[in-house]
Amino acid sequence: MYKFTRRQALFGTAAGISGLGGYWLRGSESKDDDTFRVGSPWTPDSIDPVTNGWLWRRINVLEPLLTVDYDGTVSPGLATDWHMVNNRTWEFTLREGVTFHDGTDVTAATVLPSLTRAFDSSSMAAVPVDAVEATADRTITIQTAVPFSPLPAHCTRGITCPVSPAAIDDDGSVNEPIGTGPFQFENWEAGSTITATANPDYYGSGAHIDTLIYEGITDDQTRRLKLENRELDMARILPNKAADTLASDPDLTAHTYKIPRARYLVFDLDSAPFSDRKVRRAVMHAIDRDHIVASLLNGLGSKAVGPFPSDVTEWAAELEPYEHLPEKARSLLAEAGWEADGDSRIRDGEELSVSIWTYNTRPLLPTIAEVIQTQLQAVGFDVDISVMESSTIKEQAKNGEFDTVLWSSSVLWYPDPDRLSDFVHSETATMFSGYENETVDQHLEAARRTADRDERFERYAAIQRRIQRDLPLGWLTYYANVIGTRADVEGYQPHPIESCYHLEDVT
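Numbering (full-length UniProt numbering), first residue to last: 1 to 507.
In case anyone wonders, no lab produced these hints; they're calculated from the structure.
Be careful, since some hints might not be right.
Here are the in silico distance ranges between beta carbons for each label pair [said to hold, decoys possible]:
{"no.": "1", "residue 1": "109", "residue 2": "42", "range": "27 to 37 Å"}
{"no.": "2", "residue 1": "321", "residue 2": "75", "range": "45 to 55 Å"}
{"no.": "3", "residue 1": "430", "residue 2": "131", "range": "16 to 26 Å"}
{"no.": "4", "residue 1": "451", "residue 2": "401", "range": "13 to 23 Å"}
{"no.": "5", "residue 1": "389", "residue 2": "321", "range": "24 to 34 Å"}
We put the CB at the ideal spot given by N, CA and C, even for glycine.
Please build the complete structure, drawing on both the sequences and the hints.
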């Protein structure tokens, strides 16, 4: 396995390996008090902000121009001020007295290469940036092809985090995540572990811990056991049922909090049977979401109505829910031509047979799929479940037919309802339902052009009502995160959209 360290970069590979020899073998017995270990499902697969910036942002090695406050609003970051010069031009004023971890001053000229890389990347293709310029020593100007009011929210994303110009090679690749955060990169084991240390020259309140070790541990039970065995100080994204176990252990603490993340079904609107809206509606009336919340989610989280949970964000519209009505589901299937034949349903000699694809990186998705399988079978569906890698699902769903995918994602991982574009815009959506609706596209584009919040709310509410009717996506449940820590961990405050863990505040 490839392993890169700061020490290797300075003194050569052999010195780097010998200097760390035995460090990675230390168990919990030899753990230093000034070292904080956190385990999460997400593996560190790249040091490039364009591909993995969100993770380096979460552990606060890298910082963006703007941040997300605990109330979910856009707040100052490396930029202390931002404003719209005209409807296609934004100016950002950079903070004074900030240096990258290699000592380079943060100026418009030194952050420009990173911002250019970010907005030129395919990951930001839906953000219509025409040009990024350094127009003064501490002024960055971003011009968009069309008026684009969500731009500040996109400037909170990890992909936009600047790195020192010295970290960008001549071929445009990043050789080290040299950022500005309260933690600075020391070494990593690709796909496994990151080690970072406190930045002694941080411009703000520095980290209280000397060394931060992040471990990517995909199995949730392994994360929990390592926490219980004192091999971790924090285990993130644990199953909901773990909350009771943690609460009963005097040496551990459970942090549970709601986040704007949803589980939902993605329907293939381009192929039968889900090209028929009546069949999609039948699915939603057949699913008992209250049962899923109570029996599988340990009462944490809640059943979803639309994309946005109203108790987490003000962008949620009032929507008519799909109540659990099995008889209504059977009636809709009959209207769609699927006649009862014993326990199954037949149309034109074919059985109503569908598959649910899902993945197991997020706890409980396969188990929820099994419950949905049972509930759909009760109204006449024959249901098969396939568990695959999420990347495999995306590839296969985009390149061919599928029936439905049980998926999970944040609905506000950048703090703006323009996130709906990723779900339902006919040209820029990253979801793979095949949904196309001219009215929805028009509302999305008009909401981007105006800075008036009331007008934006009304347009996004209209979008939510339309997709609730059309059902390219079937919203199931909202999330409550379960984070376990050792009982002596203090200062941790869960962030509502998890853009940053803020472990610099932990003691």
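For which of the previously enumerated hints does the structure constitute a violation, in increasing order of number? Of the numbered hints given earlier, those the structure breaks are 2, 4, listed in rising order.
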